[in-house]
Structure formats: structure tokens, C-alpha cells
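Novice: Two chains, two frames, some hints: make the complex.
Just so you know, the sequences run in chain order V and D. Using the numbering used here, you'd call the opening residue of the first sequence number 1 and step up by one each time. Using the numbering used here, you'd call the opening residue of the second sequence number 1 and step up by one each time.
In short, the hints are calculated from the structure, not lab data. Treat the hints with care, as some may be off.
Quick list of in silico lysine-lysine cross-link-like pairs, BS3-like style, CA-CA up to 25 Å [said to hold, decoys possible]: (1) Lys91(V) to Lys288(D); (2) Lys137(D) to Lys91(V); (3) Lys91(V) to Lys172(V); (4) Lys303(V) to Lys290(D); (5) Lys303(V) to Lys138(D); (6) Lys229(D) to Lys305(V); (7) Lys305(V) to Lys137(D); (8) Lys304(V) to Lys290(D); (9) Lys222(D) to Lys345(D); (10) Lys345(D) to Lys280(V); (11) Lys91(V) to Lys222(D); (12) Lys341(D) to Lys304(V); (13) Lys345(D) to Lys91(V); (14) Lys290(D) to Lys91(V); (15) Lys91(V) to Lys229(D); (16) Lys303(V) to Lys137(D); (17) Lys138(D) to Lys304(V).
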Amino acid sequence: MGNILEYIFTAEFGYSILRVTTPILFAAIASVVAENSGASNIALEGIMLFAALFGAVGSGLTHSLFLGFCCAILGGLIISLLLGYFALYLKTDIILAGIALNTLASGGTVFLMYVILHDKGSTSSIPTLVFPKVTIPLLDRIPVIGSIFSGQNLLTYVAFLMVAVVWILLYKTKLGMHIRCVGENMEAAESVGISIRKVKMIALLISGFLASLGGAFLSMGYMNGFSRDMVSGRGFIALAAAAMGQLSPVPTMFASLIFGFADALSNMLAAMRIPDEFVKLIPYATTIVGLILFSASRSRQQKKKRIAALMTSQEA
Amino acid sequence: MNKKNKLSFDTRFDTIRFAVSILIAVLLSFVIILLVSNEPLLALRKLFLGPLESFRRFGNVIELAMLLSFTGLSVSIMFSANQFNMGTEGAVYASAAVASFIALSIPMPRVLSPIVCILGGGVIGAIICFIPAWLNKKWGANVLVSSLMFNYIFFYLAKYFANTTFKDPKCGFVATYLLPANAKLPLLISGTRIHAGLFVLILTIVACVFFMQRTKWGFALKQTGRNQKFAAYTGMNTAFVIAYSQLLGGFVAGVGGAVEVLGMYDRFQWQKLPGYGFDGIVVAILAKNKPQFVPLAAFFLAYLRIGADKMATSTDVTSEMISIIQGVIIMLVAAQAFMAKSRQKMLIKEVRSNG
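Isolated chain D (complex conformation) (with noise of 0.2 Å):
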């Protein structure tokens, strides 16, 4: 009885941490507004309820949010076995490039092709996330230094290929030629860009959800990940879980890559990292690595940042204030010892009034 009060302490003192945490980050980003900006009340409103304004407003943060989904799920499995990889960054943009070049050179059926394209993207993606892990068994390098090095190498090899082979030389700006239509997303609702990609998104989160927390992999994963060590002297293969884990996370920041692609543009367009991988870490971190939590996590990043898009085009605050908010919440839900005052306080008068 006891023992199971204490849990639910733990639990509800978490929350209550949490919350304060983002309240934090909010009230930061009213204090920065306040101290920069001519027109602070206008800058406010824009950012917390611009994306509110009109159909197609909130339509954007659900498009942004489904991506933000995907690459919070990459991060958050290959977080969970305790592997700092960075390379869902390299692997979002990699796969959506590599989609456009299946797309652009296979001619392939309707419903077929965004199948393959989306296949591929996810296969590249988990190679681009095993290599740095791969490195690191065999040879003992550092996950985080390599994984970011391969962001760049993979990203200046796929807009190398981009910019060359696929360039349309007719567009007015660099991008390839335009996708075919019979491997594009459809659209899913009028009036906004939100597309056939968020069935994908949620087959992946349900499938990602199953497998962290009903099979034996997923469980030999969060084992790993919480004590390698102890998880080596149960007769786990380690080496094999931290594999299987960065290729899994890897293939799903692929998919992502591949989705986006497919479903919002005509023609692959990015000249530089686009971010969301990095974007996937935050998210990760607000969901504490569980998948369930991913969807939700990614969506109030993706408002924040579509509400403060909204604010850079109306007010004079750019929208690069949210980077600070992201890294400030970053830092708090992440600290362990944060408030650790109040909680041995709470602790004692739940105690007494238990007593």
C-alpha cells in the first residue's frame, strides 16, 4: 500500500514538474516579446493564437506536426537504448531526396509507387542512423561526433545528386523535376495541405507503440537502454538491441523524409539541413521517449512554431525566438534536480498527512 503510494507521488510530482517547465518556457517567451518587440500585445496574440486564425493556419501545424511525429519517433527509439544519435537529421533529408529519385526515374502505378518511394526512404534512413552505431561496435567511435558528420556527408552527397542529375533546368529556382503524380500523397482535406501521409504516420506511431511496449525486442530495447551493463549479464545481446533500435529509428525518420516529400511538395527543394531532426529531439524529450506521447509533443511544437511564423510575418519578433524556447525546455524537462526543494517539501507533508 504504501510502496504504491510513493509511486503515484513520484508520478504526480513529475507532472506537476513538467508543467512547470513549459509554463516556464512560455512565460520566457512573454518576457523576450515584452523586452524586443514595439507591438508586444500583437506579437503575443500572433504567436499563441495565430495558428488558431483560420482553417488553414491550424491546418499547417497538423502538417508540420505529422512530420515532428515522425522524427520524435525515430529519436525517441533510438534515445530509449540510450544512443545519442543525431542522425535522423541526415536521414529526413537523405530519404526525402532519395523518394523524389525512385519517384522521378521508376515510373510505377498509383498506389504502387508511393509505397516503393516511401520503402526506399526508410531504408535509407536506417542505414544512414545504423552506420554511426555500426562504428561504434566495430571500432568503438563516438555515436554523437560521427552520426553528425554523416548529416553533412549524406546531405551534401544527396542535394550533390539533387542539384545534378534531377535538376529541372526549366524551374525558375534550384529543385528537380517535377514529382510524378502518380507517386504523390493525395490530399486529404480541401482547404488545407494535410494528406494521405497521416495514415502512414499513424500506422507507424500504432506499430512503434506495440513494439516498445508488447514485444520482447521493445522490452530487451528499454532494458538496454536504462543499464546496458545489466542488461549484458540477463543474456541479452546488447550489441544486437542498440543495432536493431538505430535501424528501426533510422527507417522511420526515412518514412517521414519520404512522406513529407511526397505529400507537400511537387519538386524536391531543399538546398540546406531543413531541422527537423534536430526538431525530434525536442519532442523526444517532451514525450519522454514513449511513442503514445510522440503525437501529442509533436503537435505543441508545431503550433508553437507555426504561431510564431505567424508572428515573424506580422510583428517585428522573428520566429528564431522559438529556438531559444525549445533549448530552454529542452534543459528543464530534462533536469533532474529541477525543483528538487519543493519536492522533498511535498514529500514531507504528504508524509504528515498520511501519518
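The shape of chain V in the complex, shown without the other chains (with noise of 0.2 Å):
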């Protein structure tokens, strides 16, 4: 027990959970944008599990990052594209849309790796390109902090970046103020001139844009290559942690670190003597705990604020 206090106390403990926070980070503020206009964009998984597998073989196969870093984009983008057809013009509910995006997915890809590889595990035989670890000056000289937040993967600091690009869009621009107000009031938005349909389908983009970039973090940085089902349930973690951020980008990136926390744990305990099933178990139980206190106060709170309009309508 001292061993891993002692243990998560140092730098390297601290870079790991940047690192592990980037993948649920990118999906994670991709729900943002996406719940902010009232689509639920339950596909993240799907979307990166696709931007996963064509950035690895984009780069493998055209040896160039940036061909594969757009091939990650493309991939993500056509689950999105797909969800917000179904989803928008179809009329098919976009839960089951993004569930059925998912299990479309997760055989998808395994099928296409299959097509071009002949592999249905891996795509090691080809020799994926990762982004490059950026040092950055002056910083890394600095002695525990420059360990942590210095020679990070660069999507990491994309990725904390976005946060500042998404409140800015979301808050600072008028596509931002007509997706809110879209996922706000549809009645009202609508009233007024916007077009439910395309703000909502320009969101599901955005956000399927960002969550590619997650999938492409994971097999061209977190890891080297695309492996079955890689994503392993961070879209959905992802998704909570937007919730518990109360679809806002700053508090989400604070709740994404919380459950890159739990996922550095569960990865530095892999390493010591605990069985392997309870410690995969702590990312998903750390899910639950943090979606229960995070809804159990905000019902309080809404509790609050209805006896407060009730003791003011009283007094009226």
C-alpha cells in the first residue's frame, strides 16, 4: 500500500495520467459539442475505433503521418456522417443509431483489417507512424513539472488545447450560440430562421471530429498500430465524464482527468502483484462512483433551486 503512494507521487505518475487522459479527453469535449445542440452522440466509440484503425493503416500504408492523421479524421468522420443521416433525416432514434454505429464498428474494423491485412488482431505488420513527443523549452527544465507536463505526445497538448477551442466556439462565436441554442430550445431556434437539422448535423461533425482525433491518438501515439477493439469502452467513459462536466468544456476536462487518474492506476497496479480482472475493473467503478455523486448533487441542487422558486412565487 505505501509502495503505490509512494508510487503515484512522482512525475512519472503524473505524465501518465496526462497521457491516458488524452484519449477520454478528445471524446469526452466531442460529446460536449455534440449534447450542447441535443444530439447525444452515443457513437464515439464507433468513431474512434474507425479514426483508430485508418490512421494506422493510412500511415502504414502511404508512410506519411499527416496522409494518416487525415485518414484517421476520414474514418471518424464517416461514422459521424452516417449517425447524423440516420439520426437526422431518417429519423431513426439517435440512441439506437449510436448503438447500432458501435456494433457496426467493432466488426467493421476487424473486417476491414482483415481485407487489407489478412490479420484479425493487429495491424503490426505494417509499420504504423506515431506523433512525435514534443519537448517543450524552458519547461523541461524545470525539475517534477517539466517530467509531467514537458515530452508529452503532441495530440496530448492538442487535445488540452481543444478545451480552449471548443469554449471559445461554443461561447464566443455564432455557431456556437446557434448550436446552444438549438440543444436549448428547438421551438425558439427554429422560430428564428436556424436550421435544427443542419446545426445539429455541423455538431455531430465537430464532435466526430474531435473524437477522431482521439482514435487517432490511440493507435498512432498511446500505442504503435491498431489492435481489435482498442477503445475498450473510453467512449462511454467519455460520455460520463461530459455529464459529470455538465456539458461544459472546462469541468469536463477536470472530470476526463479524474478517470485518466483511475486509468493510470489500474495501469501502474497491472504492474504489481494484484489480479489482472480488479484491476482492469477500477476505470469503469471509478465511471460509476463519479456519475453517482455527480448526478446525486446536481438533483440536490435542483431541488434547492425548485424550493427557491417556490418561496419567491410565495412571496409574490
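Specialist: The following block contains the structure:
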């Protein structure tokens, strides 16, 4: 036990938290954008799977990191386009469409991998290019902080940058206002001439783009190649993180960091002599606990608000 | 008279749309096979006729359809209450494990043992599917997300006990000890693996159909699923309705998991989530959440699955192709505006001809 605590307070552990938070954070802010428009993106898991596969295979076949990256984005956008088309144009329940696309992606990636590489397990037969690690000048000289924050994968910095970008998008641009307006009150938005369908589609595509970055990180940074079902529930953990962050970017980032911490802890304990099964359920159990704590506090707040509203109405 | 005509038009149109959706899915599998295979004709033949090649193969379809019926029933009961509870997946795994643990730890006579194991599995399944609904009621936690998380949690917990306490070190692969003969469900049709679980399934289907169509509780369940607020206004205790719908759905899934392991396996040996719970979603959507259609939908999916396995073993197309088809089927069948224009045209034609 003492050992574990000792390890948690090392710079190495801090570094690994940021590393494993990256894919969750990308997917969580992807969910934030979609949910703000009132469209639930349950297909995050499938989007990340497709992006991860396309990125790994794309970079392996073209020998270009940039083209691999483009392939990853393309892969993720295919799924989010399908989600948008079915949910918004053919009126499939968006949750069902998301579930369907996750099913499609889980088998579809294996199917494509076999077609292209004749391998059902992983893309290890071709070399995947990975995003470089970035050393930040000056920062890397500071003892503990330097070894936590410097030398991370390029996409890790992009992930935290995207928190700011999404914040600006949602609160400082016209598109963001439209997105939030559609999410808040569809009839009102429509009455002032906003096309609900178009705005939701754009939100889903932005969401797909962000989640694709998470997928790309998984196969071209976190790991060196794609392997079957490698997203393993991160898309769903991200949904919980976004819900805990009350659908706004900065709190969502902190929620993602909590789940990142759990993930890092689980990775660390795996190296110790603790049964594999218990270690692996840590991130999921943390998500449940987080979800309960958040939901409980929210329902208490709402109760307070209701009582306050009742009091003022009585006073009047 | 007019109203009656319109109703039958809706049902007729729904049937056509349903058939077109399935046709598109089947055509899509044609296209995919033509695109990727070097021997497309062989692949197509194996996919669509493979299950009919031998008695044993066709038996495989029935065996799989039995389990998919259980999970399809489970999902359709829970979805009928408009709850996106994904717990069926975890419930099948954990209840299969727990049923084997019961069989291994408590020696019981021949008939009693499977009954106790199946009921034990059912209870575990009910608990697993109830927890997300309870968390939602108590604290408003999202059912979809929490049920998915619990799937992983129960999976790892059950796997832990299977791979430690009950693990047979002498077995060549990772599995529990041999299940005692007293606990196993007897074989029904020799030459296949179709087992006495079939009776349990028939009983479950009849019970579910009766429950949904002939009881007050079943009616309340459907009403709550259709419009929860309205159901509450008419005086239904919707929280209670949702609670028993999830308990019941979970129980059916648990019975299915237990029946599967006692009928089809010598040891409990699943090392990952088998995915039958997610297949249950496809079955439920194909059956439009109606228990009486579940066996048919399960048979359809099982047929495709076994066909795909056959195709994968004898050609260069992998069985995972079916997931793509499955996804497309869910989206198309659930698409309310799919073929909306054709519907309009058909309706106008109908009115004119009646006119």
C-alpha cells in the first residue's frame, strides 16, 4: 500500500495521467459539442475505432504521418456522417443509431483489417507512424513539473488546447450560439430561422472530428498500431465525463482527468501483484462512482432551486 | 370504416418498409462480398445456404437462436419501458458464471440442480439490470452509461472467480472444473446440441407474451414506455413500472445465460464478453419489441451468424462482416422517416382508388 502511494506522488505517474487522459478528453469534449446541440453522440466508441484503424493503416500504407492523420479523420467522419444522416434525416432514434454504429464499427474494423492486411488481431504487420513527442523549451528544465508536462505526445497538447477551442466555439462564436440555442429550445431556434437539422449535423461532425483525434491518438501515439476493440469503453467513459462536466468544456476536462487518474492507476497496479481482473475494473468503477456523485449533487441542486422558486413565487 | 382502412394502411406500409430494410441489408452483404472476395459465388452460397448444408449445421442455428431469443426477450422488455439498459450483455455473462459456480459448489439431485442454477442465474441477471435503473431513480444517473460500465464491472468480477476459485488447473485451457452431470440440461435431439433448455425458452416466451398482452402490469409497462408523463398523469406508479420491467428483463437474460452454460458447455470458459446481449438489441428491434416475434427475429440473426461462420471457414470473407449488416439493419428498421416519400405516394394512390 505504501508502495502505491509512493508511486502516485512521482512525476512519472503525473506524466502517465496526462497521457491516458488524452483519448478520454478528446471524446468527452466531442460529447460536449454534440450534447449542447441536443444530439447525443453515443457513437463515440465507433468513431474512435474507425479513426484509430484508418490512421494506423493510412500512415502505414502511405508512409506519411499527415496522410495517416487525414485518413483517421476521414474514418471518424464517415461514422459521424452516418449517425447524422440516419438520426436527422431518416429519423432513427439517435441512441439506437449510435448503438448500431458501435456494433458496426466493432466488427467493421476487424473486417476491414482482414480485407487489407489479412490479420484479425492487429495491424502489426505494417509500420504505423506515430505522432512525435514534444519537448517544451524552458519548461522541461523545471524539475518535477518539467517531467510531467514536457515530452508528452503532440496530440496530448492538442487535446488540452481543444478544450479552449471548444469553449471559444460554444460561447464566443455565432455557430456556437446557434448550437446552444438549438440544444436549449428547438422551437425558439426554428422561429428565428435557424435550421435545426443543419446545426445539429454540424455539431455532430465537429464532435466526430474531435473524437477522431482521440482515435488517432490511440493507434498513433498511445499505441503503435491498431488492435481489435482497442477503444475498450473509453467512448462511454467520456460520455460520463461530459455529463459530470455539465456539458461545459473546462469542468469536463477536470472530470476527464479524474478518469484518466483511474486509468493510470489501473495501468500502474497491473505491474504489481494484484489480480488482473480487479485492476481492470478500476476505471469503470470510478466512472460509476463519479456518475453517482455528480448526479446526486445535481439533483440536490435542482431540488434547492425548485424550493427557492416556490418561496419567491409565494412571496410575490 | 375510413379509420379502419387507414390503420391497415399503416400496418401494410410498415411491413413493406420492414421488408425493404431487410432486403437492403441482404443486398449490402452481396455488394460487400462481391467487392472483397476472390470467390464471391462460393462465399454467397456459404452465407445464405451454409446453415442448410448439414443437419448439425442447422442444429447450430437453432442452438444460437435459443440464446438470442432469451437476450432478445430481455432487451425487448426493457426497451418497451423506453429504458436503454445495456445490462443484458453483462447479465448473460455473469449469470452463466454464477450458474456454473452454483452447480460446482452445491451437489444436488438430477432435476433440482438445473432448476436451482437457472433460478440463481436469473436472480443475478435481474440484479444486474436493476442496478442502473435504481441508480437512475435514486440519483438520476444515466442508464445507458451506467449499465455499460456495470457490464465491465460484473464481467471482471465473474471472470475473477471463474479463473481463481473455480479454475481447473488440470484443464488444458483456462476454464472452470467440469460441471457435474446432474446440473446439465439433457440433450434433446441427437446429432445436434439442441438441449432441454428449449422447454425453458418456450415457457419464457409464453410467459412474456402473456405478461405483455394480457396483464395489467404489462399494459402499464407499454404505456410507460410510450409516454411516461402521460402514464404518470393517469395514475400509474411509473418508477415501480420501470423497476419491475428492468428486473424482469434482467431475469430473462440471466435465465438465458444459465441455460446456455448448462446446455451447451462442459465447463464455464468465456474469457471475454460474448456479445449476445448486444445481439439481443438487434433481435428486439427486428421483433419491434413484441415477444411473440422474438423467436423469428432470433432465428433470422442466428441463421445469418451461422452462415457467416461457414463462409469464414471456407472462403476469404470474415464472419465480422455480419456486424456491419447488423448495424445497418438496426438503423434502417428503426428509421421512422425511411421511405417517407413512397409512403406519401402510396397513401395518395390509396385515397384516390378509394375515392
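Novice: Taking the hints in turn, state whether each one holds.
Specialist: Cross-check of the supplied hints:
| no. | hint | result |
| --- | --- | --- |
| 1 | Lys91(V) to Lys288(D) | holds (16 Å) |
| 2 | Lys137(D) to Lys91(V) | violated (28 Å) |
| 3 | Lys91(V) to Lys172(V) | violated (31 Å) |
| 4 | Lys303(V) to Lys290(D) | violated (38 Å) |
| 5 | Lys303(V) to Lys138(D) | holds (13 Å) |
| 6 | Lys229(D) to Lys305(V) | holds (22 Å) |
| 7 | Lys305(V) to Lys137(D) | holds (19 Å) |
| 8 | Lys304(V) to Lys290(D) | violated (42 Å) |
| 9 | Lys222(D) to Lys345(D) | violated (32 Å) |
| 10 | Lys345(D) to Lys280(V) | violated (55 Å) |
| 11 | Lys91(V) to Lys222(D) | holds (21 Å) |
| 12 | Lys341(D) to Lys304(V) | violated (49 Å) |
| 13 | Lys345(D) to Lys91(V) | holds (19 Å) |
| 14 | Lys290(D) to Lys91(V) | holds (21 Å) |
| 15 | Lys91(V) to Lys229(D) | holds (22 Å) |
| 16 | Lys303(V) to Lys137(D) | holds (15 Å) |
| 17 | Lys138(D) to Lys304(V) | holds (16 Å) |
Hints 2, 3, 4, 8, 9, 10, 12, counting from the list given before, are not met by this structure.
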